[in-house]
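Heads up: the protein sequence lines correspond to chains A and Z, in order. Note that this note's numbering has the first sequence beginning at 36, numbered continuously upward. Note that this note's numbering has the second sequence beginning at 36, numbered continuously upward.
If you are wondering where the hints come from, they were derived from the structure by calculation, not from laboratory data. Hints are not guaranteed to be accurate.
Coverage of chain A stretches by chain Z, computed from C-beta distances (three or more under 8 Å per stretch; other residues unrestricted) [what the hints assert, rightly or not]:
(1) 220-234
(2) 251-264
(3) 273-281
(4) 308-315
Beyond 12 Å from chain A on every Cβ pair, some chain Z residues (computed) [as the list claims (entries may be wrong)]:
(5) 38
(6) 66
(7) 87
(8) 91
(9) 100
(10) 116
(11) 165
(12) 185
(13) 189
(14) 202
Nothing here was measured: the structure is a model prediction, and the numbers come from that model. We put the beta carbon where it would ideally sit given N, CA and C, even for glycine.
There are 2 protein chains.
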Amino acid sequence: VTMLGTVAIAGIGLIGGSLGMAIRQRDLARRVVGLARRQATIEEAISLGALDEGSTSPEVVAGADLVILAAPVLAIQEQAEAIGPCLKPGAILTDVGSTKARILESLHRLTPPHVELIGGHPMAGSEQGGVGAARPDLFEGCIYVLTPSPHRPVGRALETLRGLVEALGAHAVIMDEQTHDEAVARISHLPHVVAAALAQSAARGFPADLLAMLAAGGFRSTTRIAASPPELWRDICLTNREAILDALDDFDRTLRHFRAAVDAEDGEALIESFTSGRTARDALVPRAAERARGRG
Amino acid sequence: VTMLGTVAIAGIGLIGGSLGMAIRQRDLARRVVGLARRQATIEEAISLGALDEGSTSPEVVAGADLVILAAPVLAIQEQAEAIGPCLKPGAILTDVGSTKARILESLHRLTPPHVELIGGHPMAGSEQGGVGAARPDLFEGCIYVLTPSPHRPVGRALETLRGLVEALGAHAVIMDEQTHDEAVARISHLPHVVAAALAQSAARGFPADLLAMLAAGGFRSTTRIAASPPELWRDICLTNREAILDALDDFDRTLRHFRAAVDAEDGEALIESFTSGRTARDALVPRAAERARGRG
Numbered sequence: 036v037t038m039l040g041t042v043a044i045a046g047i048g049l050i051g052g053s054l055g056m057a058i059r060q061r062d063l064a065r066r067v068v069g070l071a072r073r074q075a076t077i078e079e080a081i082s083l084g085a086l087d088e089g090s091t092s093p094e095v096v097a098g099a100d101l102v103i104l105a106a107p108v109l110a111i112q113e114q115a116e117a118i119g120p121c122l123k124p125g126a127i128l129t130d131v132g133s134t135k136a137r138i139l140e141s142l143h144r145l146t147p148p149h150v151e152l153i154g155g156h157p158m159a160g161s162e163q164g165g166v167g168a169a170r171p172d173l174f175e176g177c178i179y180v181l182t183p184s185p186h187r188p189v190g191r192a193l194e195t196l197r198g199l200v201e202a203l204g205a206h207a208v209i210m211d212e213q214t215h216d217e218a219v220a221r222i223s224h225l226p227h228v229v230a231a232a233l234a235q236s237a238a239r240g241f242p243a244d245l246l247a248m249l250a251a252g253g254f255r256s257t258t259r260i261a262a263s264p265p266e267l268w269r270d271i272c273l274t275n276r277e278a279i280l281d282a283l284d285d286f287d288r289t290l291r292h293f294r295a296a297v298d299a300e301d302g303e304a305l306i307e308s309f310t311s312g313r314t315a316r317d318a319l320v321p322r323a324a325e326r327a328r329g330r331g
Numbered sequence: 036v037t038m039l040g041t042v043a044i045a046g047i048g049l050i051g052g053s054l055g056m057a058i059r060q061r062d063l064a065r066r067v068v069g070l071a072r073r074q075a076t077i078e079e080a081i082s083l084g085a086l087d088e089g090s091t092s093p094e095v096v097a098g099a100d101l102v103i104l105a106a107p108v109l110a111i112q113e114q115a116e117a118i119g120p121c122l123k124p125g126a127i128l129t130d131v132g133s134t135k136a137r138i139l140e141s142l143h144r145l146t147p148p149h150v151e152l153i154g155g156h157p158m159a160g161s162e163q164g165g166v167g168a169a170r171p172d173l174f175e176g177c178i179y180v181l182t183p184s185p186h187r188p189v190g191r192a193l194e195t196l197r198g199l200v201e202a203l204g205a206h207a208v209i210m211d212e213q214t215h216d217e218a219v220a221r222i223s224h225l226p227h228v229v230a231a232a233l234a235q236s237a238a239r240g241f242p243a244d245l246l247a248m249l250a251a252g253g254f255r256s257t258t259r260i261a262a263s264p265p266e267l268w269r270d271i272c273l274t275n276r277e278a279i280l281d282a283l284d285d286f287d288r289t290l291r292h293f294r295a296a297v298d299a300e301d302g303e304a305l306i307e308s309f310t311s312g313r314t315a316r317d318a319l320v321p322r323a324a325e326r327a328r329g330r331g
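Using the sequences and the hints given, assemble the complete structure.
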């Protein structure tokens, strides 16, 4: 890995802080600077070893070779607006948002053409949670998706970022932003919306204490992610609308098929549907991974 | 607890075997006899300490004071037909099926009127899994629902069974069979159908290796129960049809509401829906229980 000069991280929460710690501990850059809204965050990040220095002013990114936007999805646009004019020619700009197409469009619109744009999505932690929860090994073994901007020619930026990501211990996966957004709509955003709807629906019609008594492991695991921060999931729904609607419509058709089998008391169709569900899950969750990571 | 005379268990799998072990180890009956389809199962159950003796012939229940039907849901009807004529006057008959109204109807139809009927649903393990997995502490701390038959007068049977269940370490909860079936349709059967449909839908449209790479904890936990045995869930769907259809319809309305908010890019409605989901889940899964039982 080539050592980077200055890396600037904008948004110092769990992800931004962990990136700073990992880059500093592994000597992947000469200097890590941070941009945060509050001075107290910067001081905490410096004391935790996540930054060399920081500022609440966007000019702090001025000399950076790599700038990582690590705010929640909807705030990334604001960040880009603020730092756009400060980016030096040839700088690489990336982000850590859970959706990619709209963010890349915004970044293209809001930054000068001499900046190279590569979207990023580290599949670890969440954009929420403060720097206090940051740790340098957060990215070890995780998938880190990189989506080069379709709006700009990609020069050395992709190789530089891939090298950095692998040096963090993550697996870099390069794909186009549409494929990313449609795939995560199915495998991540759909389950979140379904879990939230399921929790609501399961809780209706009976006293909570009766239902709580009867709630077994099935309910607990199926709705675990319904406890996720609403703001994060609002932002994801707002920035990946079309793909999430497609996934919801496909799910709706599948569930109708199930309902028809229950309605018709069609034992064979039920066996077929439950077996398809089991087969689909087995294909996506290797048993080894499940054992290694526990039941969650 | 009054010690019972002879307890007969019909169907010696995980639940039946565990009941036998717990009753014998805690000296809750003078004798535990078993009825199984295969002689090998009886021998295994005796060697594991789950039975004193057993037979593949229904006459083995002839002298029993308490008979527990522990076969999978759809097989319970067959069991009742076979043993009905052998039940002694005043015997108590119960079962361990996941649905209650239809089973109680069948038991009423298939057994002589001098038998007392109390449905049972221990919320531990599943009807599937062999006697090899049985353990005497399976019921400790679990909820054990008892539903007296609406078709017969209830004499001393309910108190006897409640005493037995509590002596197994379980919490006996008495409710009517309709309430039970409608509540578990929401809190257990709906999540199973949804998880199976979700796994199918999430797996469509992209190569499995791409999706598997992007599948994080959210997908894993939401679809964990999609790996359940299809036969068990077919049987549950077939014996709790109306309540499951109602739960599916309510879920459908909730999900439509969510979809409309995504479609309209209505941030406030999305926050409201995700917050309702989180609130509903928090009400049904006490945080203490979650911590104690892990993330699953």
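Taking the hints in turn, this is what the structure says about them:
no.: 1; hint: 220-234; verdict: holds (count 13)
no.: 2; hint: 251-264; verdict: holds (count 13)
no.: 3; hint: 273-281; verdict: holds (count 4)
no.: 4; hint: 308-315; verdict: holds (count 7)
no.: 5; hint: 38; verdict: holds (29 Å)
no.: 6; hint: 66; verdict: holds (32 Å)
no.: 7; hint: 87; verdict: holds (31 Å)
no.: 8; hint: 91; verdict: holds (26 Å)
no.: 9; hint: 100; verdict: holds (29 Å)
no.: 10; hint: 116; verdict: holds (19 Å)
no.: 11; hint: 165; verdict: holds (19 Å)
no.: 12; hint: 185; verdict: holds (19 Å)
no.: 13; hint: 189; verdict: holds (21 Å)
no.: 14; hint: 202; verdict: holds (20 Å)
In terms of the numbered hints stated before, the structure departs from none.
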